[in-house]
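As a plain string of letters, each chain reads:
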Amino acid sequence: MLANVYSAGLIGLNACLFSVQVDECNGLPRSIIVGNVSPSVREGLERAIIALKNNGFDLPPKKITINIQPADVRKNGTSFDFAILAGMFIATNVKENPYQNYAFLGELGLDGEIKHIPGVLPMTLAMEEAGIEGVFVGKEDEKEALHCKKLKIIALSCVREWIKILYPFLIKKPSLNSLEMKLKGSRKIEVKKSCISQNQTKKICMGFPLSAKDNKVQKEIADFSDIAGQEAGIRACVIAAAGMHAMLFSGPAGSGKSMLARRIPGILPKLSEEEKLEVSKIYSIAGDLSGEEGLLQERPFRAPHTAISQNTLLGGMVGGNLVPGELALATKGVLFLDELPLFRKETIEALRSPLEEKEVVLHRLQQVFSYKVDCILVAAMNPCPCGFFPDRNRCHCTPGQIRAYQRGISKPILERIDISLELPPVALENALGKEKKFSSEELSKQVIEARRRQNERFKAEEYIEWNSQMGPSELEKYCFLGKKEEDFMKKVFALKNLSMRTYHKVLKVARTIADVDGKEDITVEHLAEAVSYRIVEENLY
Amino acid sequence: MREILAMEEDFPERLREIPDSPKCIYLIGNLPEKKEPTVGIIGARNGTEYGKKVALSLARELVAYGIGIVSGMAYGIDSAAHRGALEGGGKTYAVLGSGADVCYPAVNQKLYEEIAKTGGIISEYAPGAPPLPHHFVERNRLIAGLSDVLIVVEARERSGTFITVDRALEQGKQVFAVPGRISDALSKGCNKLLMEGAGICLSQADILHCFSIEAGEKKQAEIHLNEEENRVYQALRLDGKHIDCLAKELKMSVEKLYPILIGLELSGYCESKGNTYSRRSL
Numbered sequence: 001m002l003a004n005v006y007s008a009g010l011i012g013l014n015a016c017l018f019s020v021q022v023d024e025c026n027g028l029p030r031s032i033i034v035g036n037v038s039p040s041v042r043e044g045l046e047r048a049i050i051a052l053k054n055n056g057f058d059l060p061p062k063k064i065t066i067n068i069q070p071a072d073v074r075k076n077g078t079s080f081d082f083a084i085l086a087g088m089f090i091a092t093n094v095k096e097n098p099y100q101n102y103a104f105l106g107e108l109g110l111d112g113e114i115k116h117i118p119g120v121l122p123m124t125l126a127m128e129e130a131g132i133e134g135v136f137v138g139k140e141d142e143k144e145a146l147h148c149k150k151l152k153i154i155a156l157s158c159v160r161e162w163i164k165i166l167y168p169f170l171i172k173k174p175s176l177n178s179l180e181m182k183l184k185g186s187r188k189i190e191v192k193k194s195c196i197s198q199n200q201t202k203k204i205c206m207g208f209p210l211s212a213k214d215n216k217v218q219k220e221i222a223d224f225s226d227i228a229g230q231e232a233g234i235r236a237c238v239i240a241a242a243g244m245h246a247m248l249f250s251g252p253a254g255s256g257k258s259m260l261a262r263r264i265p266g267i268l269p270k271l272s273e274e275e276k277l278e279v280s281k282i283y284s285i286a287g288d289l290s291g292e293e294g295l296l297q298e299r300p301f302r303a304p305h306t307a308i309s310q311n312t313l314l315g316g317m318v319g320g321n322l323v324p325g326e327l328a329l330a331t332k333g334v335l336f337l338d339e340l341p342l343f344r345k346e347t348i349e350a351l352r353s354p355l356e357e358k359e360v361v362l363h364r365l366q367q368v369f370s371y372k373v374d375c376i377l378v379a380a381m382n383p384c385p386c387g388f389f390p391d392r393n394r395c396h397c398t399p400g401q402i403r404a405y406q407r408g409i410s411k412p413i414l415e416r417i418d419i420s421l422e423l424p425p426v427a428l429e430n431a432l433g434k435e436k437k438f439s440s441e442e443l444s445k446q447v448i449e450a451r452r453r454q455n456e457r458f459k460a461e462e463y464i465e466w467n468s469q470m471g472p473s474e475l476e477k478y479c480f481l482g483k484k485e486e487d488f489m490k491k492v493f494a495l496k497n498l499s500m501r502t503y504h505k506v507l508k509v510a511r512t513i514a515d516v517d518g519k520e521d522i523t524v525e526h527l528a529e530a531v532s533y534r535i536v537e538e539n540l541y
Numbered sequence: 001m002r003e004i005l006a007m008e009e010d011f012p013e014r015l016r017e018i019p020d021s022p023k024c025i026y027l028i029g030n031l032p033e034k035k036e037p038t039v040g041i042i043g044a045r046n047g048t049e050y051g052k053k054v055a056l057s058l059a060r061e062l063v064a065y066g067i068g069i070v071s072g073m074a075y076g077i078d079s080a081a082h083r084g085a086l087e088g089g090g091k092t093y094a095v096l097g098s099g100a101d102v103c104y105p106a107v108n109q110k111l112y113e114e115i116a117k118t119g120g121i122i123s124e125y126a127p128g129a130p131p132l133p134h135h136f137v138e139r140n141r142l143i144a145g146l147s148d149v150l151i152v153v154e155a156r157e158r159s160g161t162f163i164t165v166d167r168a169l170e171q172g173k174q175v176f177a178v179p180g181r182i183s184d185a186l187s188k189g190c191n192k193l194l195m196e197g198a199g200i201c202l203s204q205a206d207i208l209h210c211f212s213i214e215a216g217e218k219k220q221a222e223i224h225l226n227e228e229e230n231r232v233y234q235a236l237r238l239d240g241k242h243i244d245c246l247a248k249e250l251k252m253s254v255e256k257l258y259p260i261l262i263g264l265e266l267s268g269y270c271e272s273k274g275n276t277y278s279r280r281s282l
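Going down the list, the sequences are from chains A and B. According to the UniProt record's numbering, the first sequence holds residues 1 to 541 in order. According to the UniProt record's numbering, the second sequence holds residues 1 to 282 in order.
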């Protein structure tokens, strides 16, 4: 008999619905799997056969063919295991499927346990869109799958439960297989102890510095009111947050660069339900969305170590699957690159086109993947190798050393950063004294107001949400300068020797500053402030 | 480039007189004229912003009286002195530790070309000679030799600058030092010189005095500033202040300060380096 069941897999950062067809016919006994599958999918067939056997169902000695379609798409991962087993069981044992429009998601153990797979959230969302009625998932993945409102979710811990639900008459007498009994008694402890859970393996492969959970704890305590002084730095953070501008802090050790960066997610507006789903989908694929917490509630803050590779930053292949990079994991939040000059040159340079085009295009294993970049890049650097320049009482670096250090960041990268700022060293008495302080709550009001203005402005534009995404044609449309403002720009550019490329950056930032101040027109004051955020770049080159 | 042998008439009188006078020198541009007063301005390569400002300012003021500025075109104070002279539209002379056609440090290429155009590049090493460490020790005697008066702007307690000072004293030149705070590492050398009897250089007038030039009444630049701008200007110093520091002092918000500071910069009263702002002149 021919059986047809549904499952889903990941292609890049998207999930896709697949159907698994299983046919049983006369011939030499063997089972094969076709449909452009990778070894990880092919191994699933072995797992399914043995899981069936260990639950008391042997396959008949016939030729069994499994086809996963669409057959021309390369399939990866272990999400098909359960569907393969279900298809085989229906085709060979019961010959009927009462749950025609249901899908199966999960990896199998040899004992029939259904395990966690990455990407359940986007997969179930894709199923919902395709009109699937319900889905069988593992217990671990239940929380994640429940975010699909229309889909019926049936969570199971092992294959036997599924058979019991569908065909209760088949499991009347206990299984004769003694191995299964043994496993059943000891499974929980043995399995958990002997192997690392999938979540952990992923973390080891990718070197994630923070999980979504750690992230949350940190965020709760980070408020701008913890920071003494740094008025200019805080102002720059507000502007960057309002217009999603990339930002660079240069300042001596201990001046509070990372403190400022860590507090930026706190002044961004709360994630909407739609945004939560969007971000959670990516974390789900990375295997970093822990089942118990459900959707990601807070804006992500990613701070990768300086040793990070290009693949980890942009996204790379791990075991045939595309694993989202830090840039994707920071979607709707902040990607913080501390000590920017210490990153590998090629890692920083790889950020060129994502910063410019706001999109990452990856060519991996004969496939092309792309995803949108939608985060605030915040970078920080010391002014010199020892970190104390220009305090010459402590800094003994030679001018050559300082130049070499600062030039670790190329001009093209600096040009793609909208806001750059020097932070002053903070003296202890300032940190303890009664400095003017800003609370995240107050600052976030400014950001929300500026964002509201932008939403209104770009209502008609399809691809633009924030000021930082404006192209030359939009700049002409939305950043009109009066005579006085144009004269000012001419004078300042002559004085500071700024390049034409800088001109557009200044306009964009000035637009955001005007939005933060609640003004419709860009004035000289806004331009003056925007120009002041370009000075570090002019200093370095 | 010209090669001038010691026996030639064009060989500078000043260098002929010093002990261990070079056999020949290589020259791009011109030498200081016999009657042209010259001042050497030297100091640390990794000088502070303040030190560089002082060197620049002194050089700019001195060239206005027809004084040529001599230095070594190194990083820091040296470069600042040359720049100041060029800004003031005067003549400046660089004595190199490499061949006269070798620009060292390479970043000073633009400065090198400008000095060659208006003043002169001088070296006792053959064209193409690399900048070897011992060359700099030797060329310091030429800097001292070409200058009538030597000013040390900033130097650490142990500094190469003192080689030049020693040569200058051997040659009987007058040495001045710019005093600094006793806690600043880069002023320790200068303060030590003062203790040992060097002249105190507080402004260009002290130097002009040596040449018996009456320091002209410094025309007080007319300042057209509104009240707010003036308040900000009064808070600025020669060494830079970060915008946060100004904001705190003046009790103004940074977003208000940015336009005022850019305005001051456009009208030439203020200068910025990064987000640190300073007065343009003393």
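Any given hint might turn out to be false.
[What the hints assert, rightly or not] Derived list of chain B stretches under chain A, where covered just means 3 residues or more per stretch with a C-beta under 8 Å from a C-beta of chain A:
no.	region
1	20–32
2	45–59
3	183–194
4	239–251
[Stated by the list, open to error] Across the chosen pairs, the derived CB separations fall in these ranges:
no.	chain 1	residue 1	chain 2	residue 2	range
5	B	253	A	491	21 to 29 Å
6	B	107	A	491	26 to 34 Å
7	B	231	A	339	51 to 59 Å
[What the hints assert, rightly or not] Computed cross-link-like contacts, DMTMM-like style, restricted to lysine to aspartate or glutamate with a CA-CA straight-line distance of at most 25 Å:
no.	chain 1	residue 1	chain 2	residue 2
8	B	248	A	441
9	B	256	A	23
10	B	192	A	391
11	B	273	A	487
12	A	411	B	36
13	A	484	B	271
14	A	490	B	271
15	B	248	A	226
16	A	496	B	138
17	A	496	B	49
18	A	496	B	239
Hints in this document: simulated from the structure, not taken from any laboratory. Virtual Cβ for every residue (Gly too), placed ideally from N, Cα, C.
**Item:** Coverage criterion applied to the region 183–194 of chain B (partner chain A; beta-carbon cut 8 Å; 3 residues)
**Value:** Satisfied; 4 residues make the cut.
**Given hint residue 23(A) paired with residue 256(B) - CA-CA distance at most 25 Å** = violated (76 Å)
**Message:** Is the listed coverage of the region 20–32 of chain B by chain A valid when you require three or more residues with a beta carbon under 8 Å from a beta carbon of that chain?
**Reply:** violated (count 0)
**Asked** Between residue 490(A) and residue 271(B), does the CA-CA distance stay at or below 25 Å?
**Response** Judged against 25 Å, a Cα distance of about 18 Å means the pair holds.
**Message:** Please verify the coverage claim for the region 45–59 of chain B: does it have three or more residues whose C-beta sits within 8 Å of some C-beta in chain A?
**Reply:** holds (count 5)
**Prompt:** Quick one, are residue 248(B) and residue 226(A) close enough, alpha carbons at most 25 Å?
**Reply:** holds (18 Å)
**Satisfaction of hint between residue 49(B) and residue 496(A), Cα-Cα up to 25 Å** = Roughly 18 Å between the alpha carbons, so the hint for residue 496(A) and residue 49(B) holds.
**Message:** Tell me if the straight-line CA distance from residue 192(B) to residue 391(A) falls inside 25 Å.
**Reply:** OK: residue 192(B) and residue 391(A) at ~21 Å, within 25 Å.
**Message:** Given the hinted pair residue 496(A) and residue 239(B), is their Cα-Cα distance within 25 Å?
**Reply:** holds (20 Å)
**Item:** Check of the region 239–251 of chain B against chain A for coverage (Cβ-Cβ below 8 Å, three residues minimum)
**Value:** holds (count 6)
**Message:** Can you tell me whether the CB distance of residue 107(B) to residue 491(A) sits inside 26 to 34 Å?
**Reply:** Between residue 107(B) and residue 491(A), where Cβ atoms are some 28 Å apart, the hint holds.
**Given hint residue 138(B) paired with residue 496(A) - CA-CA distance at most 25 Å** = violated (39 Å)
In this structure, the earlier hints numbered 1, 7, 9, 12 and 16 are contradicted, and the remaining ones agree with it.
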